[in-house]
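Protein chains: 2
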Amino acid sequence: MNSINTTDQAFVRETNLSSTLRLIHSLSPISRAQLANLTGLNKSTVSSLVDELLQRKLVHEIGSNVGGAGRPATMLEVNPELGNIIGVELGVDFFSVAVTDFMGNILWRKREDADPNEDQEKMINKTLLIVKEAMSVGKNKKQRFLGLGLTTPGTVNIKDGVLIFAPNLHWRNVPFGKIFSEQTKLKVFVENDANAAAVAEHLFGAARQVQDFLFVFSGVGIGGGLFLNGKLYRGKNGYAGEIGHFPIMTEPSQTVCHCGNRGCWETYANQYSIIQRVRARLEVKRTSIIPKLMAEQNSELTIPLIKQAADAGDKEAIDSFAEAGLAMGQGFAGLINIFNPSKMILGGPLSIAEKYLLPNIIEAVKRHSMPEIGQQVEIVPSTFGPDASLIGAVAIVADDIINHVATRK
Amino acid sequence: MNSINTTDQAFVRETNLSSTLRLIHSLSPISRAQLANLTGLNKSTVSSLVDELLQRKLVHEIGSNVGGAGRPATMLEVNPELGNIIGVELGVDFFSVAVTDFMGNILWRKREDADPNEDQEKMINKTLLIVKEAMSVGKNKKQRFLGLGLTTPGTVNIKDGVLIFAPNLHWRNVPFGKIFSEQTKLKVFVENDANAAAVAEHLFGAARQVQDFLFVFSGVGIGGGLFLNGKLYRGKNGYAGEIGHFPIMTEPSQTVCHCGNRGCWETYANQYSIIQRVRARLEVKRTSIIPKLMAEQNSELTIPLIKQAADAGDKEAIDSFAEAGLAMGQGFAGLINIFNPSKMILGGPLSIAEKYLLPNIIEAVKRHSMPEIGQQVEIVPSTFGPDASLIGAVAIVADDIINHVATRK
DNA sequence: AATTAGTATGTTGGAGCAACAAACTAATTA
DNA sequence: TAATTAGTTTGTTGCTCCAACATACTAATT
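First to last, the protein sequences are chains A and B.
As numbered in the working numbering, residues 15 to 423 make up the first sequence, in order.
As numbered in the working numbering, residues 15 to 423 make up the second sequence, in order.
No lab work stands behind these hints: they were computed from the structure.
Quantities reported herein were computed from a predicted structural model and do not represent experimental measurements.
Here are the simulated DMTMM-like pairs of lysine to aspartate or glutamate, each with C-alpha atoms no more than 20 angstroms apart in a straight line: (1) A/250 / B/392; (2) A/57 / B/22; (3) B/250 / A/386.
Using the sequences provided together with the hints, build the complete structure.
Structural data, given as structure tokens:
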């Protein structure tokens with residue numbers, strides 16, 4: 015672990031090239047002069063950097079702009095024909111595959127349900143099939159693929175592309191990187207779902223140009239992507255972000271978390287807690303449309319169904335979300351006190367009920383956070399809602415390309 | 015806020031110069047060849063960097079080493095005559111001033127009790143008097159002062175050197191930087207106590223070379239210094255680290271935290287909570303030496319007194335510490351899950367009872383943290399114990415000098 | 001004691017490459 | 001035509017790197 019901080023000229027070039035590409039990516043169309051202004055770099059330096067990006071076909075020139083005095087600027091944008099990216103999200107009971115361009119625009123996507131108890135190899139093979147389908151779709155257009163990103167709930171060794179442990183899937187030591195790169199011949203990136211979602215928001219979504227924010231991924235559990243000082247924070251072993259397991263209650267606490275402890279925050283604020291709240295209400299009070307909806311749709315009690323009831327004005331559904339929102343907000347408040355972030359972004363499956371959760375989260379934050387800190391934070395829903403991790407899978411590929419322009423051939 | 019990340023050659027030199035000085039500072043005596051190995055820089059580059067440090071008298075050569083084949087190495091160390099640093103800690107009911115050398119060795123120190131209700135101006139003037147005494151002590155030796163650091167519990171605008179708000183002191187908007195630099199003609203740095211203590215551990219103490227650790231400052235409240243990715247994390251406005259106010263209990267919770275909320279973690283784990291635990295025990299069970307000690311010393315019930323009782327084997331004292339240790343450990347576990355740090359460092363006034371608290375903290379961490387993460391962390395007491403913030407005040411000066419060698423005249 | 005081999009330290013001078021500065025050309029508007 | 005803004009060209013400065021070299025020691029042999 016040679017972590018001593020030294021630098022050389024190559025690093026300077028790399029940094030400036032990345033910053034330039036990142037700006038073109040997020041602010042296109044943009045001119046060389048604007049880039050020079052924004053970066054503070056010399057005009058000639060910007061020209062040299064842009065030249066290199068042009069030569070590598072990462073960006074291209076589009077027509078000049080009009081209006082205003084002076085010579086019109088030549089505008090630049092990321093080359094739309096640069097190539098596409100494949101994103102794969104492995105959820106607990108589904109998997110999704112998407113093809114996007116370099117800007118994160120979805121060109122093709124497919125989602126399949128999966129049985130969490132199914133054999134690991136089978137599930138991986140199913141996923142591989144869809145990935146190959148995705149790759150063959152645009153084949154006639156001779157499209158190039160820039161890489162494949164894969165996200166999964168659990169701890170990941172991103173260097174080797176190995177899933178270390180996914181508690182909800184009961185998977186351990188799965189070498190996704192090796193498997194998928196052998197089968198697709200693409201460069202493969204593996205990342206934790208919440209981390210990837212945070213990168214997606216930073217690159218394409220609600221956290222562009224934001225240096226310090228937390229992505230709270232709420233679903234079966236609650237995970238966090240910690241974006242601090244302008245980059246993802248992973249901790250000593252890459253396990254950072256397990257924000258769901260802050261023990262907020264000692265004894266007596268009924269619910270045992272899947273981590274084995276009692277009193278974890280996520281047991282009060284995950285999707286199951288909402289289902290439990292609804293169940294408890296239905297037992298004592300029957301004036302709800304939820305049983306009817308369940309019968310009509312021959313469905314279990316799920317978050318989408320509860321959301322549907324809430325949309326129809328069902329008080330029990332709305333109140334259950336409100337209660338859960340307050341519990342979520344309690345944890346948000348604690349995190350806000352710890353991190354003093356610019357933004358908190360709520361994403362994951364639960365974010366479909368954002369409309370009912372967020373006001374209560376904000377209310378609880380107001381109540382439980384320190385005023386100077388709590389007033390500074392913006393609490394917003396994810397730009398990509400339940401797709402945050404899927405877009406995240408794409409984003410980690412795009413982010414790597416931007417960060418390593420200089421060294422990629 | 016032009017936070018676009020660009021670089022130039024001057025930055026390269028600055029970075030490499032700082033890294034070199036930092037290594038000499040923390041690993042002296044050290045040779046050029048060792049520096050080249052550690053940094054990965056070319057031997058000639060290291061020679062050039064060391065030359066510059068030698069010219070500026072920041073480091074100097076000491077005799078060659080002996081033994082082993084090959085040419086003996088010329089060893090380097092920080093110039094002990096470089097100058098001294100003044101550290102000032104403003105506590106809630108005391109203030110301390112220290113003079114140290116550049117390595118953090120204390121050369122002179124003085125502590126005075128203070129009345130927290132006293133007039134702000136009076137307290138500042140008292141402190142200034144002691145600072146001037148400190149400066150005059152070694153005057154005959156013509157010692158130079160490199161700067162003055164001041165730490166205080168509360169939120170600080172470090173750029174302007176202004177204390178924004180210290181809840182325990184009830185102070186707001188105190189321009190310490192201006193006041194102390196006018197009176198001493200020194201460069202003044204103001205910092206939150208926990209943050210400064212973290213820097214001290216990184217520079218002089220238990221966290222040398224550690225990239226990711228948390229300093230937990232436990233006393234009247236619980237504050238945290240978050241050292242992440244190799245540097246202090248301050249958040250959007252510099253308020254990050256308020257780890258004491260994670261709401262771990264909602265209702266019903268008896269104790270109101272000074273932040274106004276109920277259920278904050280620190281109300282279960284600060285020094286007052288221990289005193290409360292002892293009181294409760296004494297009410298029901300009288301077989302303790304604590305009342306006798308209080309009478310003998312004509313003292314209130316204080317942490318040092320309880321610690322004294324524990325040292326004498328008093329079960330009530332020991333059990334009270336154990337209980338508090340478990341409550342502290344609960345919060346530690348949550349933080350460990352969030353940050354996946356290499357180390358957790360316990361400091362502040364409560365750390366004098368480290369012997370009784372740490373085993374229980376470790377026990378609670380084992381119980382409440384996720385195994386993969388909890389097993390990775392080392393939980394240790396501060397190298398400087400209750401002086402962590404005072405040494406921290408010194409450390410922020412030394413750290414600034416190291417970080418800005420290239421640009422300081 | 002003298003010689004020779006081997007090894008590691010540290011310096012020197014040149015190459016390569018980064019951003020920068022200043023002077024230029026280019027394209028537009030008023 | 002003058003003013004303005006965009007972008008390029010040419011030359012400078014300053015950084016790390018590299019390879020060759022000088023230095024200073026230890027170890028083994030004569």
